[in-house]
Amino acid sequence: MSNTSPWNDLIGTPDQKHEEGIVVSDSHAEATHQPGLAHHFESYEQQKESSFLGMWLFLVQEVMFFGGIFCCYVIYRSLYGEAFAAASRELNVFIGALNTTVLLFSSFTMVVAVNAAKQGNRKWIVYGLLLTILFGGIFLGVKYFEYSAKWEHNLVPGPNFEWHGDDVGRPVEIFYCLYFGMTGMHALHMVVGIGIMLWMLRPAWRGKWTPENHNFVEGFGLYWHFVDIVWIFLFPFLYLIGLAT
Amino acid sequence: MSTQEFAFTPYPDLPKSHYLNVAYGLKSWLFTTDHKRIGILYLLSITFFFALGGLYATAIRLELLTPAGDMVQPDTYNRLFTMHGILMVFFFLVPSIPAVLGNFLLPLMIGAKDVAFPRLNLASWYMYMFGAGFTMYALFMGGVDTGWTFYTPFSSTYSNSYVAAVAVGIFINGFSSIFTGINFMVTIHRMRAPGMTWSRLPLFVWSHYATSLIMVLGTPVLAITIVLLAMERVFKLGFFDPALGGDPVLFQHLFWFYSHPAVYIMILPSMGVISEIIAAFSRKPIFGYKFVAFASMGIAILGFLVWGHHLFVSSQSLYAGLIFSILSMLVAVPSAVKVFNWTATLYKGSIEYSTPMFYALGFIGLFTIGGLTGLMLATIGIDVHVHDTYFVVAHFHYIMVGGALMGYLGGLHYWWPKITGRMYPGFWSHLSALIIFLGFNLTFFPQFVLGYLGMPRRYHSYPEEFQILHILSTAGASILAVGYIIPLVYFIWSLKYGEVAGDNPWDAVGLEWQTTSPPSLHNFDEIPVVDFEPYDYVEHEPVERPYRYSRSEA
Numbered sequence: 001m002s003n004t005s006p007w008n009d010l011i012g013t014p015d016q017k018h019e020e021g022i023v024v025s026d027s028h029a030e031a032t033h034q035p036g037l038a039h040h041f042e043s044y045e046q047q048k049e050s051s052f053l054g055m056w057l058f059l060v061q062e063v064m065f066f067g068g069i070f071c072c073y074v075i076y077r078s079l080y081g082e083a084f085a086a087a088s089r090e091l092n093v094f095i096g097a098l099n100t101t102v103l104l105f106s107s108f109t110m111v112v113a114v115n116a117a118k119q120g121n122r123k124w125i126v127y128g129l130l131l132t133i134l135f136g137g138i139f140l141g142v143k144y145f146e147y148s149a150k151w152e153h154n155l156v157p158g159p160n161f162e163w164h165g166d167d168v169g170r171p172v173e174i175f176y177c178l179y180f181g182m183t184g185m186h187a188l189h190m191v192v193g194i195g196i197m198l199w200m201l202r203p204a205w206r207g208k209w210t211p212e213n214h215n216f217v218e219g220f221g222l223y224w225h226f227v228d229i230v231w232i233f234l235f236p237f238l239y240l241i242g243l244a245t
Numbered sequence: 001m002s003t004q005e006f007a008f009t010p011y012p013d014l015p016k017s018h019y020l021n022v023a024y025g026l027k028s029w030l031f032t033t034d035h036k037r038i039g040i041l042y043l044l045s046i047t048f049f050f051a052l053g054g055l056y057a058t059a060i061r062l063e064l065l066t067p068a069g070d071m072v073q074p075d076t077y078n079r080l081f082t083m084h085g086i087l088m089v090f091f092f093l094v095p096s097i098p099a100v101l102g103n104f105l106l107p108l109m110i111g112a113k114d115v116a117f118p119r120l121n122l123a124s125w126y127m128y129m130f131g132a133g134f135t136m137y138a139l140f141m142g143g144v145d146t147g148w149t150f151y152t153p154f155s156s157t158y159s160n161s162y163v164a165a166v167a168v169g170i171f172i173n174g175f176s177s178i179f180t181g182i183n184f185m186v187t188i189h190r191m192r193a194p195g196m197t198w199s200r201l202p203l204f205v206w207s208h209y210a211t212s213l214i215m216v217l218g219t220p221v222l223a224i225t226i227v228l229l230a231m232e233r234v235f236k237l238g239f240f241d242p243a244l245g246g247d248p249v250l251f252q253h254l255f256w257f258y259s260h261p262a263v264y265i266m267i268l269p270s271m272g273v274i275s276e277i278i279a280a281f282s283r284k285p286i287f288g289y290k291f292v293a294f295a296s297m298g299i300a301i302l303g304f305l306v307w308g309h310h311l312f313v314s315s316q317s318l319y320a321g322l323i324f325s326i327l328s329m330l331v332a333v334p335s336a337v338k339v340f341n342w343t344a345t346l347y348k349g350s351i352e353y354s355t356p357m358f359y360a361l362g363f364i365g366l367f368t369i370g371g372l373t374g375l376m377l378a379t380i381g382i383d384v385h386v387h388d389t390y391f392v393v394a395h396f397h398y399i400m401v402g403g404a405l406m407g408y409l410g411g412l413h414y415w416w417p418k419i420t421g422r423m424y425p426g427f428w429s430h431l432s433a434l435i436i437f438l439g440f441n442l443t444f445f446p447q448f449v450l451g452y453l454g455m456p457r458r459y460h461s462y463p464e465e466f467q468i469l470h471i472l473s474t475a476g477a478s479i480l481a482v483g484y485i486i487p488l489v490y491f492i493w494s495l496k497y498g499e500v501a502g503d504n505p506w507d508a509v510g511l512e513w514q515t516t517s518p519p520s521l522h523n524f525d526e527i528p529v530v531d532f533e534p535y536d537y538v539e540h541e542p543v544e545r546p547y548r549y550s551r552s553e554a
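Sequence order for the protein chains is A and B.
Going left to right, the first sequence walks through residues 1 to 245 as my numbering numbers them.
Going left to right, the second sequence walks through residues 1 to 554 as my numbering numbers them.
It is worth saying that the hints were derived from the structure and are not from the lab.
Incorrect hints may have been included.
Unchecked claim - Under the rule of at most 30 angstroms between Cα atoms (straight-line distance), these lysine-lysine pairs were calculated in the DSS-like manner:
#: 1; chain 1: A; residue 1: LYS150; chain 2: B; residue 2: LYS236
#: 2; chain 1: B; residue 1: LYS236; chain 2: A; residue 2: LYS143
#: 3; chain 1: A; residue 1: LYS48; chain 2: A; residue 2: LYS208
My request is simple: use the sequences and hints to build the entire structure.
Right, here's the structure in full:
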């Protein structure tokens, strides 16, 4: 099964259940014979559950982190809706939508990598990761050009900020503070993610992740999807709010 | 009474192999993933920062000895109290019990070999040290003068001190908290020994679960707030800049959304320690176990809904203030449940005045005073009167020092024989506990009076009529300092000369007492099966050991 393409598996083949929960004895010496099972866990099952619970808690933490800046956004937008809409219209919806698509594709290729890990197909783990890195890189590249365009148009907050659109007051600048703060924080998460994926390539190729133990790949997949979901919120909040008015 | 009266039957020696002697050398510590060693690493680091924070407190108290601001400049004074607050809150109190005692004991108490993520655990210590490094850099360059609360726009625009460096330090340090919180929650969920059901968890574990919840939900909000502040300061992004229409009070909301629950990060683990000590030295099961356990969760959850009581005079609407006032008072309910249950546990118990018990009893009294004055401050009318006065300073020191620190020291005394395998001298430990209690009250009780009379906090000079109270406070602080130095001396002394304690010197129940002292590398020879209820002090028959201290011989 390990040589079949993971693409079939995405649609869903029935036999995905692997042998898990192999109970080992208490002895530390024996436990070390289980490949990939840390000494302090009793079984793969326990190790897997722990690592996923840990990852989900980490994501909860991330939600609270982004929650703080979203909270600022909600408050300022409710105060300065008109200025926010005007400022938002300066952003390029097409580029934003393009980036959204790119990021959604990267999530798809991440799923490919995770599924390959489930099957122990190390070749496709690497391909999946490489494609994800590629799409993530495209996203960041597009972001770079977007940022530099803002810089040229003096839309970066600070002493050089200039606004030539409708006269909607200084809160326009707050929108751009939030724009750079939110997308910057999001981009930072992507950079970290790409860094981790680059690190993952080598162990993936060497077959570190087996069907019994691929928690790291799956956990990282959750992280990548989370970063994707943050963008799903950022795109309408930043790019689309000007369209309605 | 002192521990010297206890009859120890001779115990041959420390166990042959334990976590301290399996490996030696700096590397074996810096790259360890053993939760016990990481606890010790934290113990050493936070002791350093406690001493440093204490030096700042000493300077503050010396300046306040005289009404004139004659020892330091006003600006220096601002830096003194700011650095005192930052060091004590972020680098001592928040990590104190969870990172030291929690790290050491949590896996032992639930019968696990380690926490769920040992490497993450080590990473948390490195994050702590890394954050501390940034803070020390700022400190050597001259410190920060904003107060530990970093209120904008002063911190973001006007302050000429090293705000950004400290902000980075606190941001990084936040990761250590988050990592610890995630680790504890997963460990409690997934690593419990067979038979260790939720209703058999020691209350220390329950309170750490509640604490971890706050760490995971609260710390990231502080992190983003600090990031926004740093970006505003460094890149001139005006998130809170009134010139752009931004709202400085929004910073206060975000800051207190973490920083009020942070108080419960400090006090909840302490409450867990007290529950253990009270039960062990009353020889009784804790009264109303489930109520005490759920009270911890109640405090953790309610704690997130009360931050607005820090903003009663910060242009918050009166109606919002009213709701925050009521919610703040609700915190008193689970807190009182705990205090009443502890006293009910004491009732008709065979109380033993050991050193940890001194701290526990001190905690109950001081926490009650701190809690009740908290109720006064939750009342808007009184708060408007005493806002930003020494009344507030005294209140939160009763919680943070009288509560959290007393719990920490009590826990350290209770589990020291487990951590090191050796006992500290009974006389000196009793004496220092008394000195700390007296010194603490002498330091901070006059500050209630000062505040009520109108002495504002954060001023380095004051009218002459306040001097007598300030002198009392400074005198108390000197006594308190002596009380802190004595344990430092005898703890170090005990490492070499202390009597060998044996596995269970207090004859206490709980899995941590069923392994050797100090515990072996993997905690237990075999994973224990739990078939007893928590605090089973009546029916529970401890395993017979030749060297076990027996109460009846006393």
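Discussion item. Check the structure against each numbered hint from earlier and tell me which ones fail, lowest number first.
Written reply: As far as the earlier hints go, not one is violated by this structure.
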